[in-house]
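Chemist: Single-letter residue listing:
Number of protein chains: 2
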Amino acid sequence: MGNIPFDLERLVIQTLRKKRSWLGDDVAIEKGQLLTTDSIIEGVHFTPSFFSYEEIGYKALASALSDIAACGGKPLWYLLNLGLRSDDSLGDVKLLIHGMEELEDKYSLKLIGGDTFHSPVLFLSITVGGESDNPVSRSGAKSSDLIYITGNIGGSKMGLYALENKIDSPIKKYHLRPGIRCEEGLYLNSNYNITSMIDISDGFLIDSNHLADESKKGLNIESAKIPICPECMDFAKQNSLDLMETVLTSGEEFELLFTSPDDIQEDFVSLIGSVSEGEGVYIDGKITPPRGYRHF
Amino acid sequence: MGNIPFDLERLVIQTLRKKRSWLGDDVAIEKGQLLTTDSIIEGVHFTPSFFSYEEIGYKALASALSDIAACGGKPLWYLLNLGLRSDDSLGDVKLLIHGMEELEDKYSLKLIGGDTFHSPVLFLSITVGGESDNPVSRSGAKSSDLIYITGNIGGSKMGLYALENKIDSPIKKYHLRPGIRCEEGLYLNSNYNITSMIDISDGFLIDSNHLADESKKGLNIESAKIPICPECMDFAKQNSLDLMETVLTSGEEFELLFTSPDDIQEDFVSLIGSVSEGEGVYIDGKITPPRGYRHF
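Sequence lines, in order, name chains A and B.
Each residue of the first sequence is one higher than the last, beginning at 1 in this note's numbering.
Each residue of the second sequence is one higher than the last, beginning at 1 in this note's numbering.
What the hints contain is simulated information worked out from the structure, not anything from laboratory work.
Please note that the accuracy of each hint is not assured.
What the hints assert, rightly or not - Straight-line C-alpha distance at most 20 Å; calculated EDC-like pairs for lysine to aspartate or glutamate:
#, chain 1, residue 1, chain 2, residue 2
1, B, Lys-31, A, Glu-277
2, B, Lys-74, A, Glu-30
3, A, Lys-74, A, Glu-101
4, B, Lys-110, A, Glu-30
5, B, Lys-142, B, Glu-30
6, B, Lys-74, B, Glu-164
7, A, Lys-74, A, Glu-104
8, B, Lys-31, A, Glu-30
9, A, Lys-31, B, Glu-30
10, A, Lys-142, A, Glu-277
11, A, Lys-110, B, Glu-183
Between the sequences and the hints, there should be enough to build the whole structure, so can you do that?
Modeler: In structure tokens:
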């Protein structure tokens, strides 16, 4: 999305990194605190006519919390920048906040401050602080580690397709209210040797390539083992969508892709491949560069 | 600015505060870290045709740093959310970053992370972390404390007037590159008993009322003692502006308004009044409610 050249984000990040300490992860660590920041903007990260105010609030906070989940950390607090349009009412704002409160209550988070202001487009910028004794990065995958993913994927992009094409399907919920994996990230990090982890918020292909790049390893993935959301197969068939292409490029969903030398048997985890020397992501033996959903 | 009802920000903040820990300051404290977040948006916080990219970068970071200065703290790091329009080039982004680098270098700050994305309007949301052994709040003013202010004020609004009316005057710099008082805030807090402090980024009248409200005290200010920017008197006369009204309602400048029982003799500080029991801000004995510049 967006008509900025595809490589500008990479160039901007390179420019920002120069002379600076930047982790290459979405999360920084300062004095033992995990810190991450994320924005969602009307028309870029969400189509306002598809979303209720509650769903916008939920998704904004979920997206930031997911970065802490991907470190195997526990979120503690957040700061909110809230840009409101001139026709947003107090009632709208209450709904937006209500969408965030669900996550606040679930994770015992607290809102510690922020800024509200007028804006030509609705947006939320959220900074989350968290903690972990042993945060997981994207760069620690080792040769012969196994590659796992939580949950199942593909629903967000198919949900967006349903919304855009006015198809009444329960699949829409995967786009409007994607689940996050805070407890699972923490649990995995506490109980197993997790060598690297990332959420797939930019889509499986983009984020698996991030993990490969940051770890300087090759990821070998079997497409048949990728867990696909239960309704996706039928939905893809009914709507003549390329199932695997859609699943691999679905963004805005927050399952965790991770590597570990351990044999992990958990009902919310699927084994999908293994790490090797080399570089890049191989799906069924074929090198597969990043493509898919970007906000840039 | 903005056509949202004037009281909506207050209502939003009340709604956000319910059930939450919110300091009433622009800065929160978590595990000994000072945390603040601030946004600037094209068309709301700045008129893009007036500003160079460097000035936008400078002002965005300056504005967030000033909140740490107002706690008497030392800024340490920041996180950046950067929304870029489709026609912003890498060269533009480099200039924007250059404007921030000046402040990074001056205060030995580091950029520890962030997010860049496409946006219909240029905006920056910045979270700053800092430290202080004894952070100053807005709520500690005591009866018979003296009221002080750093530097001199009024230049930002007159600078904006010059820009809007295409008047070629050096006064424009006060709007485009307002100074911040990080060293001074830290110095004052280290060397004197500072009971409350705030920056006047919303304008003298709004922020002095904030200080009075949060401290539950009355502020008695002598208008003749308010230090006015050197070029302001001539500029107001030449352009038939009400000098005192303009000075009191000038926003987007970052001088520090503070209270202390101490007799402070510093060349960058002016004594402008004293604190009493009661409530509200009295200028030359007359109660003066908040009015002026708001982004809401």
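Chemist: Holds or violated: Lys-31 of chain B with Glu-30 of chain A, Cα cutoff 20 Å?
Modeler: Holds - the C-alpha atoms of Glu-30 of chain A and Lys-31 of chain B are around 11 Å apart, at most 20 Å.
Chemist: Taken at face value, is the distance from the CA of Glu-183 of chain B to the CA of Lys-110 of chain A at most 20 Å?
Modeler: Judged against 20 Å, a Cα distance of about 31 Å means the pair is violated.
Chemist: If you draw a straight line from the CA of Lys-110 of chain B to the CA of Glu-30 of chain A, is it 20 Å or shorter?
Modeler: Answer holds: Lys-110 of chain B to Glu-30 of chain A is near 11 Å, not above 20 Å.
Chemist: With a cut-off of 20 Å on the C-alpha distance, tell me whether Lys-142 of chain B and Glu-30 of chain B pass.
Modeler: violated (26 Å)
Chemist: Taken at face value, is the distance from the CA of Glu-277 of chain A to the CA of Lys-31 of chain B at most 20 Å?
Modeler: Roughly 41 Å separates the two Cα atoms, so the pair is violated.
Chemist: Quickly compare the C-alpha distance for Lys-74 of chain B and Glu-30 of chain A to 20 Å and report which way the hint goes.
Modeler: holds (15 Å)
Chemist: Given the hint that Lys-74 of chain B pairs with Glu-164 of chain B, does the C-alpha gap stay at or below 20 Å?
Modeler: Violated. Lys-74 of chain B to Glu-164 of chain B sits at ~35 Å, over the 20 Å cutoff.
Chemist: Taken at face value, is the distance from the CA of Glu-30 of chain B to the CA of Lys-31 of chain A at most 20 Å?
Modeler: Distance of about 11 Å is within 20 Å: holds.
Chemist: If you draw a straight line from the CA of Lys-74 of chain A to the CA of Glu-101 of chain A, is it 20 Å or shorter?
Modeler: holds (17 Å)
Chemist: For the pair we were handed, Lys-142 of chain A and Glu-277 of chain A, check the Cα-Cα distance against 20 Å.
Modeler: holds (8 Å)
Chemist: Next pair to validate is Lys-74 of chain A with Glu-104 of chain A; report whether the Cα-Cα distance is within 20 Å.
Modeler: holds (12 Å)
In the structure shown, a violation is registered for the earlier hints numbered 1, 5, 6, 11, in ascending order.
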